[in-house]
Amino acid sequence: MEQKNNNEDVRLMKGNEALAEAAIRAGMDAYFGYPITPQSEILEYFTREIPNRGGVVLQAESEVASINMIYGAAGAGARVMTSSSSPGISLMQEGLSYIASAQLPCLVVNVVRGGPGLGTIQPSQGDYFQSVKGGGHGDYHLIVLAPASVQEMADHVFEGFRLAEKYNNPAMILTDGALGQMMEKVVLPPEGSLPKVEKPWATTGKLKDRKANIITSLFIQPEKMEQINLDLQAKYKALQKEVRFEKIGCDDAEVILVAFGLSARICQKAVDLAREKGIRAGLLRPITLYPFPTDELRRLSEKVDFMLVVEMNAGQMVEDVRLASMGRCPVHFKGRMGGMIPNPEEIFAEIEALHEKQSASFVKEA
Amino acid sequence: METEELTNELELVYSKPETLKDVPFHYCPGCSHSVAHRVIMEVVQELGIQEETIGVAPVGCSVFAYHYMNVDMQQAAHGRASAVATGIKRVLPDKYVFSYQGDGDLAAIGTAETIHTVNRGENILMVFINNGIYGMTGGQMAPTSLPGQITSTSPYGRDTADVGFPLKITELVAMLPGALYVSRHAVHTPNAVRKFKKAITKSFEYQKQKRGTCFIEVVSNCPSGWKMTPVDTIKYIEEVMFPSYPLGDIKVPKDENI
Ligand SMILES: Cc1ncc(C[n+]2csc(CCOP(=O)(O)OP(=O)(O)O)c2C)c(N)n1
Numbered sequence: 001m002e003q004k005n006n007n008e009d010v011r012l013m014k015g016n017e018a019l020a021e022a023a024i025r026a027g028m029d030a031y032f033g034y035p036i037t038p039q040s041e042i043l044e045y046f047t048r049e050i051p052n053r054g055g056v057v058l059q060a061e062s063e064v065a066s067i068n069m070i071y072g073a074a075g076a077g078a079r080v081m082t083s084s085s086s087p088g089i090s091l092m093q094e095g096l097s098y099i100a101s102a103q104l105p106c107l108v109v110n111v112v113r114g115g116p117g118l119g120t121i122q123p124s125q126g127d128y129f130q131s132v133k134g135g136g137h138g139d140y141h142l143i144v145l146a147p148a149s150v151q152e153m154a155d156h157v158f159e160g161f162r163l164a165e166k167y168n169n170p171a172m173i174l175t176d177g178a179l180g181q182m183m184e185k186v187v188l189p190p191e192g193s194l195p196k197v198e199k200p201w202a203t204t205g206k207l208k209d210r211k212a213n214i215i216t217s218l219f220i221q222p223e224k225m226e227q228i229n230l231d232l233q234a235k236y237k238a239l240q241k242e243v244r245f246e247k248i249g250c251d252d253a254e255v256i257l258v259a260f261g262l263s264a265r266i267c268q269k270a271v272d273l274a275r276e277k278g279i280r281a282g283l284l285r286p287i288t289l290y291p292f293p294t295d296e297l298r299r300l301s302e303k304v305d306f307m308l309v310v311e312m313n314a315g316q317m318v319e320d321v322r323l324a325s326m327g328r329c330p331v332h333f334k335g336r337m338g339g340m341i342p343n344p345e346e347i348f349a350e351i352e353a354l355h356e357k358q359s360a361s362f363v364k365e366a
Numbered sequence: 367m368e369t370e371e372l373t374n375e376l377e378l379v380y381s382k383p384e385t386l387k388d389v390p391f392h393y394c395p396g397c398s399h400s401v402a403h404r405v406i407m408e409v410v411q412e413l414g415i416q417e418e419t420i421g422v423a424p425v426g427c428s429v430f431a432y433h434y435m436n437v438d439m440q441q442a443a444h445g446r447a448s449a450v451a452t453g454i455k456r457v458l459p460d461k462y463v464f465s466y467q468g469d470g471d472l473a474a475i476g477t478a479e480t481i482h483t484v485n486r487g488e489n490i491l492m493v494f495i496n497n498g499i500y501g502m503t504g505g506q507m508a509p510t511s512l513p514g515q516i517t518s519t520s521p522y523g524r525d526t527a528d529v530g531f532p533l534k535i536t537e538l539v540a541m542l543p544g545a546l547y548v549s550r551h552a553v554h555t556p557n558a559v560r561k562f563k564k565a566i567t568k569s570f571e572y573q574k575q576k577r578g579t580c581f582i583e584v585v586s587n588c589p590s591g592w593k594m595t596p597v598d599t600i601k602y603i604e605e606v607m608f609p610s611y612p613l614g615d616i617k618v619p620k621d622e623n624i
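Just so you know, the sequences run in chain order L and Y.
If you use the working numbering, the first sequence corresponds to residues 1 to 366, in order.
If you use the working numbering, the second sequence corresponds to residues 367 to 624, in order.
Among these hints, one or two may not hold up.
As the list claims (entries may be wrong) - List time: in silico DSBU-like cross-link candidates among lysine-lysine, alpha-carbon distance up to 35 Å:
1) K208(L) to K461(Y)
2) K561(Y) to K208(L)
3) K224(L) to K14(L)
4) K14(L) to K247(L)
5) K564(Y) to K208(L)
6) K382(Y) to K199(L)
7) K224(L) to K593(Y)
8) K211(L) to K561(Y)
9) K564(Y) to K211(L)
10) K574(Y) to K211(L)
11) K561(Y) to K534(Y)
12) K247(L) to K235(L)
13) K211(L) to K166(L)
14) K563(Y) to K211(L)
15) K196(L) to K208(L)
16) K166(L) to K185(L)
17) K211(L) to K576(Y)
18) K534(Y) to K601(Y)
19) K568(Y) to K617(Y)
20) K574(Y) to K564(Y)
21) K382(Y) to K166(L)
22) K574(Y) to K196(L)
23) K568(Y) to K208(L)
24) K208(L) to K574(Y)
25) K208(L) to K563(Y)
26) K208(L) to K387(Y)
27) K199(L) to K563(Y)
28) K199(L) to K387(Y)
29) K387(Y) to K211(L)
These are calculated hints, taken from the structure and not from any lab test.
If we strip away everything but chain L, and leave its shape as in the complex, we get (with noise of 0.2 Å):
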């Protein structure tokens, strides 16, 4: 299966496998993780290939002890990793809330399960406004970067690391149970390729020379804690330049779809199904979900027709893109849910509905 060109290395890897390789390369110190589909295959990657090749990797109790594990490892000055899917990733909720206001760097992976409840192993995006809006209590935001491929599912693990340390926050990678599970060529970075960065305030032992570290998001006094979330709103301010996006046919567009992940891939083929039928459609697509294209999508709303949000929840950014959009043109939404994923063949046809019915009412209005 392994293929090997000169210089690069492609392999066909699912995208669980790619992602745990991934992180291997990217220098990951320690993992802490609890088996639940469909993303088990990261854990049990971990567990076979980090005792041959260095590092930490455990097993924990429950997703309430990796993330604190993620918390004390992270709070050491190590570079750190959990995954789970939907479920898991509400039992770490708390600690991620703990995490972000004691600002460690660390990478979260939620490969997405259709919910609520226990729900459903098949894909879904029903996660996004607990990943972007914070998840758990109190104000703060994850990094969120969203996946559309095998590739990108090794590429976002360098980049959650590297954003996740420079900015001292939790990052997330959102993706979904298909995203996790197909095959698909990949092209891994080399071994050892990010580089370290240095963590003063970590706690490895307190040096004569210095005070003693400590790691905490106690701050009981509430004129300390308004400063503490003042530092963080700065922070997040900060970091919308890091916001990254694909623009596919944006340019002569007259409709504009919206989607991230496995929607993206899929509103792909619909823009090629509306242009091939003479419809101007092109396909924005964050890679980031926090910071969140919002200016892009401004721009973009002021010259098309209309909007269609597609993902595969009840409808979740769309949000988002409404208030980027601000009323300047209608912004629809198709979505499907509960681990259903839709087919291209269905949201060319909304598009084709829709975009039939914007032309009438021009005509109505003319």
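Since chain L is already given, all that's left is putting chain Y with the ligand on it; use the hints.
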């Protein structure tokens, strides 16, 4: 007068260790937390391991342990101190790591973490302060509250038919192969303090050998939560707590078990 002037002609026999910050404790008068803090830090000082020791503070009255203990510390979510300590120890296996938790923290909300940390035999020291009550939140019933004990959430006394018996988590963890050294102490008399200190010293020494978890319980008091004078709490500890929580070693390393 400065300490030096005071002790000019005399021999200095007792002082604050460098491992304690020079700030007054916020604990209620007579509370065991201050004594327990001090003893642990004295041991860190005497073993010369201040630079290699990382502590984990819980949620509870001792949430601010890092205000006093002059070592690198992390403050954990309620009940998760031993998971946080695990995270630290796994990435810094040659450092000394200890957690410090109350009974609500360690034996209620954190029961799963407690049991699994010990079951894995994490090479850490877990200090367990058992005052039979939730001190910080104002004296509610704890898993360790005694039958009939009146608390703000058991105003008619702990009814064992309704809420079960005190959880003897120390005996429970002692059953696990991962536990190397499990011992119950108190800090209510100078003699008890000396024994507790010895147990803490041994625990740090064992930690170096990487043979499993050391778990030290302190049968403790809570003058405010129990609504007693500090002196009365000592009587209560001896007469009411010790029969349920008898002092002494519960498990010692095999090679010392002769
Ligand atoms: C998740 C969560 N639940 C509840 C609390 C509230 N709380 C703070 S301290 C505490 C009990 C602490 O009691 P104990 O562990 O016995 O320590 P003590 O204060 O007696 O030293 C509780 C319930 C919290 N901080 N977090």
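Outcome of the hint check:
{"no.": "1", "hint": "K208(L) to K461(Y)", "in the structure": "holds (16 Å)"}
{"no.": "2", "hint": "K561(Y) to K208(L)", "in the structure": "holds (30 Å)"}
{"no.": "3", "hint": "K224(L) to K14(L)", "in the structure": "violated (46 Å)"}
{"no.": "4", "hint": "K14(L) to K247(L)", "in the structure": "holds (26 Å)"}
{"no.": "5", "hint": "K564(Y) to K208(L)", "in the structure": "holds (26 Å)"}
{"no.": "6", "hint": "K382(Y) to K199(L)", "in the structure": "holds (31 Å)"}
{"no.": "7", "hint": "K224(L) to K593(Y)", "in the structure": "holds (32 Å)"}
{"no.": "8", "hint": "K211(L) to K561(Y)", "in the structure": "holds (31 Å)"}
{"no.": "9", "hint": "K564(Y) to K211(L)", "in the structure": "holds (28 Å)"}
{"no.": "10", "hint": "K574(Y) to K211(L)", "in the structure": "holds (25 Å)"}
{"no.": "11", "hint": "K561(Y) to K534(Y)", "in the structure": "holds (21 Å)"}
{"no.": "12", "hint": "K247(L) to K235(L)", "in the structure": "holds (27 Å)"}
{"no.": "13", "hint": "K211(L) to K166(L)", "in the structure": "holds (23 Å)"}
{"no.": "14", "hint": "K563(Y) to K211(L)", "in the structure": "holds (25 Å)"}
{"no.": "15", "hint": "K196(L) to K208(L)", "in the structure": "holds (24 Å)"}
{"no.": "16", "hint": "K166(L) to K185(L)", "in the structure": "holds (29 Å)"}
{"no.": "17", "hint": "K211(L) to K576(Y)", "in the structure": "holds (28 Å)"}
{"no.": "18", "hint": "K534(Y) to K601(Y)", "in the structure": "holds (21 Å)"}
{"no.": "19", "hint": "K568(Y) to K617(Y)", "in the structure": "holds (13 Å)"}
{"no.": "20", "hint": "K574(Y) to K564(Y)", "in the structure": "holds (16 Å)"}
{"no.": "21", "hint": "K382(Y) to K166(L)", "in the structure": "violated (40 Å)"}
{"no.": "22", "hint": "K574(Y) to K196(L)", "in the structure": "holds (28 Å)"}
{"no.": "23", "hint": "K568(Y) to K208(L)", "in the structure": "holds (25 Å)"}
{"no.": "24", "hint": "K208(L) to K574(Y)", "in the structure": "holds (21 Å)"}
{"no.": "25", "hint": "K208(L) to K563(Y)", "in the structure": "holds (24 Å)"}
{"no.": "26", "hint": "K208(L) to K387(Y)", "in the structure": "holds (14 Å)"}
{"no.": "27", "hint": "K199(L) to K563(Y)", "in the structure": "holds (34 Å)"}
{"no.": "28", "hint": "K199(L) to K387(Y)", "in the structure": "holds (24 Å)"}
{"no.": "29", "hint": "K387(Y) to K211(L)", "in the structure": "holds (10 Å)"}
Checked against the numbered hints given earlier, this structure breaks hints 3 and 21; the rest are met.
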